[in-house]
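Novice: Protein sequence lines, in the order shown, are assigned to chains A and B.
The first sequence maps to residues 1 to 201 in the numbering used here.
The second sequence maps to residues 1 to 155 in the numbering used here.
The set of hints was computed from the structure by calculation and includes no laboratory data.
Among the hints, a few may not be true.
Here are the in silico distance ranges between beta carbons for each label pair [to be verified]:
#  : chain 1 : residue 1 : chain 2 : residue 2 : range
1  : B       : D85       : A       : E155      : 26 to 32 Å
2  : B       : R17       : A       : A173      : 54 to 60 Å
3  : B       : Q106      : A       : M133      : 21 to 27 Å
4  : A       : L165      : B       : D76       : 41 to 47 Å
5  : A       : V193      : B       : P80       : 38 to 44 Å
6  : B       : R36       : A       : R111      : 29 to 35 Å
7  : B       : R36       : A       : A26       : 37 to 43 Å
8  : A       : M185      : B       : D85       : 28 to 34 Å
9  : B       : R17       : A       : P112      : 32 to 38 Å
10 : A       : T162      : B       : T120      : 44 to 50 Å
Virtual Cβ for every residue (Gly too), placed ideally from N, Cα, C.
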Amino acid sequence: MRLLIVSGFLGSGKTTLILALAKHLATAGHRTCFIVNEVGEIGIDQQVMREGGLDVWEITSGCICCSLGSDLIVTLNAISERFHPEVVIVEASGVSMPSGIEDALANYRGRPFTERRMLSVVDPTRLEMLLQMMTPLVEAQIGRADDIVVTKQDEALEAENTCALETAARLNAEARLWRVVATDMQSLKPLLVHLAAEPAS
Amino acid sequence: MTAPDHLEPFTVRMAFRGSVSDPVDFTATLLTRVARSCQEAGASVIGHIKCHGRTDAGGFHCSLTSLRSGVRCSLDAGRPTEGIDLDMAVLVYGVDRVTVGELVAQAADTLCRAASVAWTADAASPHDPHEHSPSVPATPDLTAVAAQSSTEEPP
C-alpha cells in the first residue's frame, strides 16, 4: 500500500490537485482511497471530492498533526484491512505540521507501506507574505516534502514564481519541483505520471 | 481581534430561500463581501474562504484565497433557482470567530435584502485547530450546533 500525503497551506490548491490525481489513478486502474482532514467542523473539501465521484473518509474539527493523529491511524487501519487499496491519499489540513503527521504514522500497524511520499503544494501568489507571517509552518511544509508543487501558474507574477523557486531551493534542494495549473490536465500530466508510477523496488 | 498568527476556524450551514437568478454569482459575491469585511476588521491573513453550494440543479463550489485573485467557482454561471443550501468555511487569521460570524451575517443580510431573499444559518461550534479539547462555544448571533471531533466514513 502506497501512502501519499498532500500538505500545503490553506487554499494552496490541494483539493484541486487531488481531484486531478484521482482521475489519473482511476484511469490507470489503481484502487485508491482518500482521507481528508479539515480544521473546520463542516467539511467542504470532502463534499467537493464526493461531487467529483470519490469515496472519501473525513477527519474534521481538528488537525491530524496533533489532536486527531490517532483518528488518522484508526482510519488508515480500517481502510487497509477492509479495502486493500493500492494507494491511499491523505489531504492534510492547511495548518498541519508534517512532523506531527510523521509522529502519528509511527503508530500505524496495518499493512506496511511500500512507499510513503510527502507532497507540498505551494501558492506562489501568497508565499512571500506567508513566509513572513507563518514562517515555521510554511517552512516545515516545504522543507519535509519529497515533491514541491508550485500551483497557480496562470496567475502568479514572475517575481512570485522566482520567490517560490528560490524558497524551495533554500529549504529543500532535494525535492523535485513542479510548476502547474491544477485545473489544466496538460500542465499536470508529468506530475501525475510521476505520482502514479510504482516505486522502484 | 486575536493574535495575527491565530486561526479560529468558523464554519456555517446557510439556507437561502427566494428567487436567485445566478446562484454561483450570488455565492461569489457573498464570499467576496466576507473577505473584504474580514480584511477591514483586521485579518492578517486570509487563509481560505470556501463553500459548497447545492441548488435543485446540482452542486457547485467556490473558493477565495485573496481579494487580488478573487473568487474561483466550479461553474461559470448557475441556473436560476428558488433556493441555495450553502456550507461555508471562513479560515482567516487575526479575527476571532465571533467577529467572523457577525461579518458573515452582515454580508448575508446586506446581499439578501437587496435580492429579496430570506436566509437562515447554523454556525458549527468552534474549536482551536491545535487543541485537544474543543473550547466552549462562543458563537455570534447564529444558532450554535454542537459538534465534536469526528471521523466519518463514506456514505
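Novice: For each hint, tell me whether it holds in the structure or not.
Specialist: Comparing the hints with the structure gives:
1. Between D85/B and E155/A the C-beta distance comes to about 30 Å, which sits within the given range of 26 to 32 Å.
2. For R17/B paired with A173/A, a C-beta distance near 55 Å keeps the hint of 54 to 60 Å intact.
3. For the pair Q106/B and M133/A, the beta carbons lie near 26 Å from each other, so the given range of 21 to 27 Å is met.
4. The hinted window of 41 to 47 Å between L165/A and D76/B is violated, with their beta carbons roughly 32 Å apart.
5. Distance hint check for V193/A and P80/B: the Cβ-Cβ separation is about 42 Å, which falls inside the suggested range of 38 to 44 Å.
6. A hinted range of 29 to 35 Å is violated for the C-beta pair R36/B and R111/A, which are about 49 Å apart.
7. Between R36/B and A26/A the CB atoms are about 39 Å apart, so this pair conforms to the stated range of 37 to 43 Å.
8. Our hint of 28 to 34 Å for M185/A and D85/B holds, since their Cβ atoms are close to 30 Å apart.
9. Here the CB-CB span from R17/B to P112/A is close to 52 Å, at odds with the stated 32 to 38 Å.
10. Distance hint for T162/A and T120/B: a CB-CB separation of about 47 Å, consistent with the stated range 44 to 50 Å.
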